[in-house]
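Colleague: Taking the hints into account, I'd like the entire structure generated from these sequences.
As a plain string of letters, each chain reads:
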Amino acid sequence: MDRLTRRRFLTLTGVTAAGALAVGATQVNWDDLLTAAQTDPLDPSAGVLVVVTLYGGNDGLNTLIPASNPAYQNARHDLAYQPNEVLDLGEGLGLNPGMKGMAGLWHDQKLAVVRGVGYPKPDHSHFRSMAIWQTGSPDTQAKTGWLGRWLDETGDDPLRALSVEPVLPPLLAGEKTAGASLPNGGLHLPTGKFGEAVRALGAASPDELPDQARAAKSIADLYEAAKVLNGASSPDDPDSEDDQERQNGASAGGRGALGAQLDLVAGLVEAGVPTRAYSVSLGGFDTHADERGTQQRLLTELDAAVTPFVQRMRRTDRGKNVVVLVYSEFGRRVAANASEGTDHGTAGTMFLAGERVRGGFHGEEPSLTDLDNGDLKETTDFRSVYGTLIEKVLGSDAGPVLPGYRDRLDSVLV
Amino acid sequence: MTELDEHAAVRRLIDRFGFGAKPGALAKAQDAGFATTLDAVLAPGTDPGAQATPVPELGPEPEKPSKKQPDPQAKKRAKQELKKQSAAITEWWLDRMAATDAPLVERMTWFWHGHFATSNQKVRSARLMLAQNETFRRLGRGDFGALAHAMIVDPALLVWLDGQKNKVGAANENLGREFMELFSLGIGNYSETDVREASRALTGWLVDRDAGKARLVPRRHDTKDKTVLGHTGNLDASSFVDILVAHPASPRFIAGRLWARLVSATPPPPDVLNRLVAAYGPGHDITALLRAIASEPAFKDSATTLVKQPVEWLVGLLRGLGLRPSQLPEKTKLRVLAGLRGMGQIPFLPPSVGGWPSAASWLTTAAGLARVQTARLLTEASKVPDGTDADAAARLLGVDKWSDRTRAALAKVSGKDLVAVAAASPEYVVSG
Chain A
1 MDRLTRRRFL TLTGVTAAGA LAVGATQVNW DDLLTAAQTD PLDPSAGVLV
51 VVTLYGGNDG LNTLIPASNP AYQNARHDLA YQPNEVLDLG EGLGLNPGMK
101 GMAGLWHDQK LAVVRGVGYP KPDHSHFRSM AIWQTGSPDT QAKTGWLGRW
151 LDETGDDPLR ALSVEPVLPP LLAGEKTAGA SLPNGGLHLP TGKFGEAVRA
201 LGAASPDELP DQARAAKSIA DLYEAAKVLN GASSPDDPDS EDDQERQNGA
251 SAGGRGALGA QLDLVAGLVE AGVPTRAYSV SLGGFDTHAD ERGTQQRLLT
301 ELDAAVTPFV QRMRRTDRGK NVVVLVYSEF GRRVAANASE GTDHGTAGTM
351 FLAGERVRGG FHGEEPSLTD LDNGDLKETT DFRSVYGTLI EKVLGSDAGP
401 VLPGYRDRLD SVLV
Chain B
1 MTELDEHAAV RRLIDRFGFG AKPGALAKAQ DAGFATTLDA VLAPGTDPGA
51 QATPVPELGP EPEKPSKKQP DPQAKKRAKQ ELKKQSAAIT EWWLDRMAAT
101 DAPLVERMTW FWHGHFATSN QKVRSARLML AQNETFRRLG RGDFGALAHA
151 MIVDPALLVW LDGQKNKVGA ANENLGREFM ELFSLGIGNY SETDVREASR
201 ALTGWLVDRD AGKARLVPRR HDTKDKTVLG HTGNLDASSF VDILVAHPAS
251 PRFIAGRLWA RLVSATPPPP DVLNRLVAAY GPGHDITALL RAIASEPAFK
301 DSATTLVKQP VEWLVGLLRG LGLRPSQLPE KTKLRVLAGL RGMGQIPFLP
351 PSVGGWPSAA SWLTTAAGLA RVQTARLLTE ASKVPDGTDA DAAARLLGVD
401 KWSDRTRAAL AKVSGKDLVA VAAASPEYVV SG
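Going down the list, the sequences are from chains A and B.
Take the UniProt record's numbering: the final residue in the first sequence is number 414, and no numbers are missing along the way.
Take the UniProt record's numbering: the final residue in the second sequence is number 432, and no numbers are missing along the way.
Take these hints with a grain of salt, some might be off.
Heads up, incomplete: computed chain B residues facing chain A, CB under 10 Å, no partners named [unchecked claim]: (1) H115; (2) A117; (3) Q121; (4) E296; (5) S352; (6) G355; (7) P357; (8) W362; (9) D404; (10) A409; (11) P426.
EDC-like cross-link-like pairs, simulated, lysine to aspartate or glutamate; straight-line CA separation at most 16 Å [as the list claims (entries may be wrong)]: (12) B/K122 with A/D317; (13) B/K83 with A/D123; (14) B/K122 with A/D108; (15) B/K83 with A/D43; (16) A/K193 with B/D389; (17) A/K320 with A/D40; (18) B/K76 with A/D40; (19) A/K217 with A/D207; (20) B/K79 with A/D43; (21) B/K401 with A/D207; (22) B/K84 with B/E63.
These stretches of chain B come out as covered by chain A in the derived footprint (C-beta under 8 Å, 3 or more residues) [to be verified]: (23) 302-309; (24) 339-347; (25) 412-419.
Because the hints were derived from the structure by calculation, they are not lab data.
Backbone N, C-alpha and C define an ideal beta-carbon position, used for all residues, glycine too.
Modeller: So, in structure tokens, the structure goes:
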């Protein structure tokens, strides 16, 4: 998605209309963050939420796969995974073969799999459904994001919520306060001759010893991370543009390079930056055609980004309080379409990972035969998870964030 | 294995047993040769650098606000005072490391700080942290037994590992377990029963924060017999340490830990370890162990590289540039500390009792940027001459040779910027 369409996407969510983004979005740079880490470091016992948005509508049925269920095999034909292909989690369900690391987290009891997640009267539009998830408001067209309202309720420091993306996602937009974003150039890499010289240090050198080669690689990676922040990367980056399969489902937006985004978040958490909520994203899940290869590649990318992040976070006191939430705006139709893909559906699979997460299944697995017009019936309202995260991870009253909604899914946390 | 030439071996010795040389000192040491330099490093004489950076007077412990009559103002004052004192010891130690003319003293103090890793985050007393630091400095190159005896009743360590909560009938196993696992024997050399029994031996110690002292309170101490690692008796903290220091696993463990921080992340092979243990001997002689380490062929192997920890990197750069943190403008100083935090390491704040990570875990992207920015802050504040070229930077920083890659990078800049880029180069970030 080019920037114009990205902006259009934001407008279409309805959130930007509130003007909160225009007035509230604070752009910060690396220096600001590290200085804040020095002067007002994150309390090591404070919970930190990392929201991973999968743009495009990830196919839940090919993520958490009921491979041995005949109804699944009948509905999916060639798109179906066989029982011996999936990573078995028990109860007749297995993870997509691309998710080996997250299967490991499952076995460590650090991955919660929430089944059948959705909301009442599901909307099949990417933009509307994403707006519902990001505003946390299925009933009314809210003008603020759910974490934006949390910001509104709890103070006015925009550093408490940070988007590691060039553009602030609607979920961080409040009425009075919006989360901060690391904008174009936000990484503040050195420029000019000095910058060129530093960048040149990232080149590999023949005959170099392993430690030195790694040191050089870290500088090369830095410039990769800078691409993430500077918006020069991924969808409009010629390199990833070349990867046709990867780009197959890109029509509904979102970014690539999730690993680099999470690497950055890990560094910020470890540095003690006083941010409590981070937003990162991965795009490309709109797999209407030739889904299997594309989705598996994306889930592999998700897995390769989330697993080392969670493992790294487990090693520090601050990191132990990090909870990762992975969601998408909807799952997809139970039945495959005629082009080896799937169309927009409803309930999907949500993941929570981290030291404070209670591993295992949560929420009921929706029936594959008792459908709502070809779609899964939602068994778990996403707001119940939001409510728990606001209260137990961010330590605030969820009442004003989710007005009129009282259910919680506290069992997902230890 | 490729053996380093004499010049490179001396440079490595000065890197690993110190933090790199002050300007001009490397060439002198290289003229003197490896053996003479090693003698000088191991038996430091007077230290004008230390005299110029005296231990700070912190004043009394911040007033502890009364729990019965909470006073928010008093609480705030105490918090600010603690913050001030903590900043003072951090700045002082970095100053001392940058200024010292007996670098091994500080390098070993730094090593033991990472070994008996104690964090001010929980201790919350700069005075106790400083006292522990002075103990490392005083005992860190002699008999390990003496150091271990001091540490088992060190006030900061007692607070850090809940030693104060350990009393007869209600043992707390934190200190006993970590002392065996991380400080003296290594995992696998004791049983869970040993942990429980050891903890009983350690019961009864309380810390007087104002006095900065720990004392044994007899009624809190368990006086019954305990059996630790096969030794039975009315064991206490002192006899527990005697048992550990005499245990055959201990010399191997200590030698391995020093090897990991001074030589290579790859453990020493058995024959090397045997030689190191023999040198350490019945006197648990740390200096003899250090001499044995430096005398191993592997010490001069070009492949035994070591990733500098951020503090080591920073101190090396400060020394090369002739700077001390206390002499920097306030804003620069704050940003240098922010840089250290960005690189993941602040003295007196290790992430856990296991100490800081090692090797490639320091080579993250976030750390890379913090390193570049910090290097530039420092070179800007330095007196590096305008025309400084790649060869001059190599002499300044103590780098044997630039790779073609780095030489090409350095060709783009000169003077202060060149030294900053050089300081961020793989050849400097990793001690060759």
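Colleague: The structure should be examined with respect to each hint, and the outcome stated for every one.
Modeller: Status of the hints after comparison with the structure:
no.: 1; hint: H115; result: 19 Å, violated
no.: 2; hint: A117; result: 13 Å, violated
no.: 3; hint: Q121; result: 7 Å, holds
no.: 4; hint: E296; result: 19 Å, violated
no.: 5; hint: S352; result: 7 Å, holds
no.: 6; hint: G355; result: 12 Å, violated
no.: 7; hint: P357; result: 8 Å, holds
no.: 8; hint: W362; result: 9 Å, holds
no.: 9; hint: D404; result: 7 Å, holds
no.: 10; hint: A409; result: 4 Å, holds
no.: 11; hint: P426; result: 4 Å, holds
no.: 12; hint: B/K122 with A/D317; result: 12 Å, holds
no.: 13; hint: B/K83 with A/D123; result: 53 Å, violated
no.: 14; hint: B/K122 with A/D108; result: 29 Å, violated
no.: 15; hint: B/K83 with A/D43; result: 15 Å, holds
no.: 16; hint: A/K193 with B/D389; result: 15 Å, holds
no.: 17; hint: A/K320 with A/D40; result: 19 Å, violated
no.: 18; hint: B/K76 with A/D40; result: 15 Å, holds
no.: 19; hint: A/K217 with A/D207; result: 14 Å, holds
no.: 20; hint: B/K79 with A/D43; result: 14 Å, holds
no.: 21; hint: B/K401 with A/D207; result: 13 Å, holds
no.: 22; hint: B/K84 with B/E63; result: 14 Å, holds
no.: 23; hint: 302-309; result: holds (count 5)
no.: 24; hint: 339-347; result: holds (count 4)
no.: 25; hint: 412-419; result: holds (count 4)
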